Each structure stands twice: as structure tokens, then as C-alpha cells.
Amino acid sequence: MAENVLRMEDVTMQFGGVVAVDGLSLEVDQGEIVALIGPNGAGKTTAFNCVTGVYEPTNGRVSLLGETIVENHPQGKMKAQYKGGEAGKFTQVVSHTPDQITQKGIARTFQNIRLFGALTVFDNVLIAKHMRAKQNFLSATFRLNAKEEKRMREEAMALLAEQDLAQYADEVASSLPYGLQRRLEIARALATEPKLLLLDEPAAGMNPQETQELTDFIKQIRTEYGLTIFMIEHHMDLVMQISDRIYVLDFGKLIAKGTPAEVQNDQRVIEAYLGVADDAEN
Amino acid sequence: MLKEKKSKTGVFIALVCVAVLLAVAIILENTLDPTKNTIFFTVLKKTAVYALVACSMNLLNGFTGLFSLGQAGFMLLGAYTYAILTIPVAQRPAVYYIYNGSAINFSLPELFGGGAVGLILGVLAALILAGVVAAAVAWLIGLPVLRLKSDYLAIATLGFAEIIRAIFQWDALGPVTNGANALKNYPTFSSFNIKGADGAVTVRLSIFVAFLLSAVCIAIILLLINSSYGRAFKAIREDEVAAEAMGINLAKHKRLSFCISSFFAGVGGGLFAMFANQAQAKTFTTAMTYEILLIVVIGGIGSISGSCIAAFLYVACSEWWLRFLDNEITLKSGFKVPLLRNGFRMVVFSIVIMIVVLFFRRGIMGDKELPDLFRKRKNTKAKGGEGNG
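Going down the list, the sequences are from chains A and B.
With our numbering, you'll find the first sequence wraps up at 263, consecutive numbering, no jumps.
With our numbering, you'll find the second sequence wraps up at 1117, consecutive numbering, no jumps.
Source of the hints: derived by calculation from the structure; they are not laboratory data.
Computed from a predicted structure; not experimentally measured.
Each residue gets a CB set at the ideal place from its N, CA and C atoms; glycine is no exception.
Accuracy of the hints is not assured; some may be wrong.
[Unchecked claim] Going by beta-carbon spacing under 7 Å, a handful of chain B positions derived as facing chain A:
hint, residue
1, 951
2, 952
3, 956
4, 963
5, 972
6, 973
7, 974
8, 984
[Stated by the list, open to error] If we take Cβ atoms under 10 Å as the criterion, some of the chain A residues that face chain B in the derived model are:
hint, residue
9, 61
10, 111
11, 130
12, 222
Build the full structure now, drawing on both the sequences and the hints.
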């Protein structure tokens, strides 16, 4: 049995009276590509945000390589309002800011590309190296960290070369074509030296050819960097081609999980995506 | 690798330019007639001070994307710290005559042994302390205030600057701050002029000193901006969420930027006190913050060289070039030029600024620095450094 890289236990996210994610439990093992799919508004991105520290889940636990990185239970006003399950199972409160989570080895990309638009492609990757550099603002200002700076620059350049982005290094990030911006965003995430990479709809807005390229690219970075990848995706071609396992979310609840073939034939998944037969008759 | 080499030649050329500028400052001051060119010299000194403060504001507003309007408040802290620490002990009873002498009875230049060495060391130490005090206060108010975004942050810092001004005029603090009265008789830029045995000035260095101090501080700001931390600041400006996802601690980096910006605003305040020959709380008004904001906007938000150039243009326009508009002119034929009267200068000035803001929205330099312009046009050699000290 491979080691769990990411484990979510009964993660519930409730906004006011709305339960966006309801008791989501899943595991992602070392070296796997796991996809989280579901109709619009199913709570996929919310689940991601709970893992990366953007949101603090209302209840549940998230652990990375056995270390609890997020844990919470309903408190205060939420105690009375809480509608999810498993209340009382978790007693600790562990929370980290997104940058601390990144430090621990989870990197992510965003549904709508969030590059540092006005900066060059090279700087975009270089900024991701800032976190792990051994320096403080005085040593950086007075150039006492020359060795560290040189290492950062070399690594960033090497990474760009590996991702076939080297020829764009001096271009402004926002001027790149869409497909390349996606690729740059992934390259930037890789620069933080993650153990687990979260991709939020990496193929959104891509044409079939770009999607195919992306599929190969994701496979390639998994083997090259020994990564574990957890992604949200709508393009079923891509999902079915590269996922080892798939989790399906609908209205915040997990409705199916398994290999692509299993999920494709799951009655509830088909209903969630196409609507129930009753509706069709009306 | 290529990039690094390019930037190294850029740094070298910038250093040469600054050195040339400083040399020109010495030559100008010692060759031009000081009585006829007072206004020119004043403009140069004020430019040096405003350029530094504008750069410090640019670090925060232009590079970190935090819209703060507390600059005058931090300048006030710096100016008072500098003045209080450097007034000669013998002068204190005269300065603090209302409060029967000062509560602080030492002076840094004298502590360092007096004379030329004491003056230089004392002034430097006082300026650094001026920055440190401003940075420390910035750290404190940053704790609550930096959680705010954009306009809210601007309002909070603006309020802070007003409060600081009121506190320093408070009568109970009189023995330290001299209440609402001015602090004076401390070393100014002119104190650095070298005097002969008979007391007459032999070598004038006041502009040189102003430029040198300002240039050193701006150089440090530039180094910071081009360092790993500067890149992190820019990342925060571009996209906070993405910056945080890249492992940049937002709170820590914002605080750092805010404190460093305030440090240099404090030093700038100290320099302003040296320039103005007196430090008084009522000069550090919101209007001063707006002047500096205007310089930043005209120069280009996110451009250090732009801030320096704009500082010169702004100061020269407001103090010198548009002066003639304030005087009534009657031509030989007896025709009285209409509109020219006291205050008309500010009307024209406002119109000029409106035109700049309407038609050059990105300012003189946009977010480019001087060497960038030459690089694009010529493509061979980077040329030009920082405009004004």
C-alpha cells in the first residue's frame, strides 16, 4: 500500500446556512494522479481552498504525509448552526495560512489564471523561489546573499528550460498565449518544490489540441518530479486519460469514487451530470 | 546569466552618473553667485529631500501596492527626532524658552566629540535614529492598519498622520517637542560648508551633502527593490492570492515594506528639517503628503527614476519656474497683463497637473526606469542612471 500523501477526513465547509462541502473524505497516494469532478457549484474549488488554507473548514481534518495541516470543529455561533455530520469527532484546531501550507509542500494553480501579469516570465518563476531561499531583507538588499540569489536564478532558468519556456523568459507574462500562461502557472507552482500539486481546472478554456498537450505535460511532470497530482477538471477526455482514480462531488457530497471506468458507468454520476430521468420527461 | 551581467553594467553606469551629478552639484554651488541663485539652490536641496520621500512612498504604493497616505506623519517623526537629538546643548534654553529649557540635555554631534567629525557622525546617527523611530511607529500602527486594503488603508494612515501632528503640538510634551513652536538652531545642510579661519565660507558643500544623503538612501531603496524581497513585494502588488500561494507571507512582507518605507520617510523628514532650518509640526500637513503623492504619480507609479525626475520638475515648477505668474506685470505700453496676481501660480499649476493626469496617465516613466528606455531604443548599451540625487 502506497503512502497517503493527502488525506481529507470528513471535511465540511459551511458558509452561513449553506453547506458547500459536506463530509468529504478522500486520499491521494504517492505518485498518483487523482481527479475531483462534479457539476458546476458542486464544491470542488471550495474543497481545494480548504486544503490550501484559503478557507478554514468548519469541521474535519486535512493531513499531508501524516502531518495534520488543517483541523477544525464547529465553534461559537457555528455550533448551533452546524448542519454537517461528524460533529464532535474532531477536537483540535489546527490552521495555517496559505503561504505556510505552500511551505509544507502543497502548490496550486488557479481556475482563472493568476500570474503576476506585469512581471516577466522569468520573474514569475523566480518569485516562487523566494520562499525557500536562506536570506533576510538586509542580506538581500546589500547583496550578501549573492550565492543564494545565483542559485535561485539558475534553478528558475533551468525550470523554464525544462518546461520549454526559456525562449519567453524576458517576456511579460500577460503577453503569452493562453496555453503557455497555463503552462507557466504550473511551472511557477513547481518552483516552490512541492510534494503535492493541486491543479484547479488546468484545461479550462483550452482547445482539443492544447488539452492533449496539457495531458502529456501533466504525465511528464509527474514522472520527472516524482509528484503527486490532485486536480479538478471538467474535460472528461483529459480526466479519463490520465487519472488513476476519480472522486465525484455533487452538492458538496461525495457520490462516487473509483477508477475512470468505474466512475463512467456509475448511475449516480450519470444522473448528476445529465439530470434524473424524471426531469427529462417534463 | 546574461541578465546579471547586464544589470552589473547598469549599476556601474548608474554609479558613474550619480558621481557626476554630485560633482556637478559641488561645482555649481561653488561657481554660481549664491546671492543671485538662492532660488535655484533651494530648489536643488528641496528636490533631493522630496526625491527621497517620493521614492519611499513609491516603494509602498508603487511596488507593494499598499496605498498609504501617512508619509507626512512619518516625516514629522523623523524631522522631530533629528532636531531634538542635534540641537546644541548651549542653544536649548533659547529654543525651548517657553518651557524653561529642554527635557533632553544632550546633543549627538557634541556626544561624538564636536568639530567636523562630531558633526558628521552626529548628523548621520540622528538621521538613522530618525528613520528608526519612524519605522518603529510604523511597525506599531501596521499591526492593526495593514489588515486593511486600498482606500481603507489610505484613510487609516491619513488619520494617523493627522493624529501624530496633533500630538506633537500638545502642550504637555512641550519640554521635548517644544509644543507648537519651531525647533531650530540644529545643524543644517549649510553647517557642512567648509569655513576658513576668518569664518568666511571657502567651499560650499550644502547641496552636495543633500544630494549625497538622498542618493545613498535611494540607492538602498533601489537595491531592495531589485532583490528577492523586492520581487516578493511586486508579487503582492500583482496578485495577493497568488503571492500567498507561492509561499510569500503577506503579513510579514507588507509590514516589512511599510516599515522600510517609513524608515526612509523618517530619514527624509530629517533631511527636510535640515533643508528648512526649522522643524515645526504644522508644516507636515496632509497637503505635504499630497505633494509627494503627486510626485509619485507624475513620475510614474513603480518607477524610482521617475520619482526623482518628477521631484525636480515639481519642486522647480512650484517654487521657481511659475513664480512669475504671481507678480503683476505691466508692459511698456501700459498694458497690464490680465490674470497675473498673487495666487495665480497655483491655478496654472493645478491645470498643468490635470493635463498630466489626463493625458499621461502612467506618468513620465510609467513603471520603467531610465536604463530601460535607453536599452529599448539603442539595444546596445544600457545608459543613464538615476536622474536626480
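Status of each hint after checking the structure:
no.: 1; hint: 951; verdict: holds, 5 Å
no.: 2; hint: 952; verdict: holds, 4 Å
no.: 3; hint: 956; verdict: holds, 5 Å
no.: 4; hint: 963; verdict: holds, 5 Å
no.: 5; hint: 972; verdict: holds, 4 Å
no.: 6; hint: 973; verdict: holds, 6 Å
no.: 7; hint: 974; verdict: holds, 5 Å
no.: 8; hint: 984; verdict: holds, 6 Å
no.: 9; hint: 61; verdict: violated, 28 Å
no.: 10; hint: 111; verdict: holds, 5 Å
no.: 11; hint: 130; verdict: holds, 7 Å
no.: 12; hint: 222; verdict: violated, 27 Å
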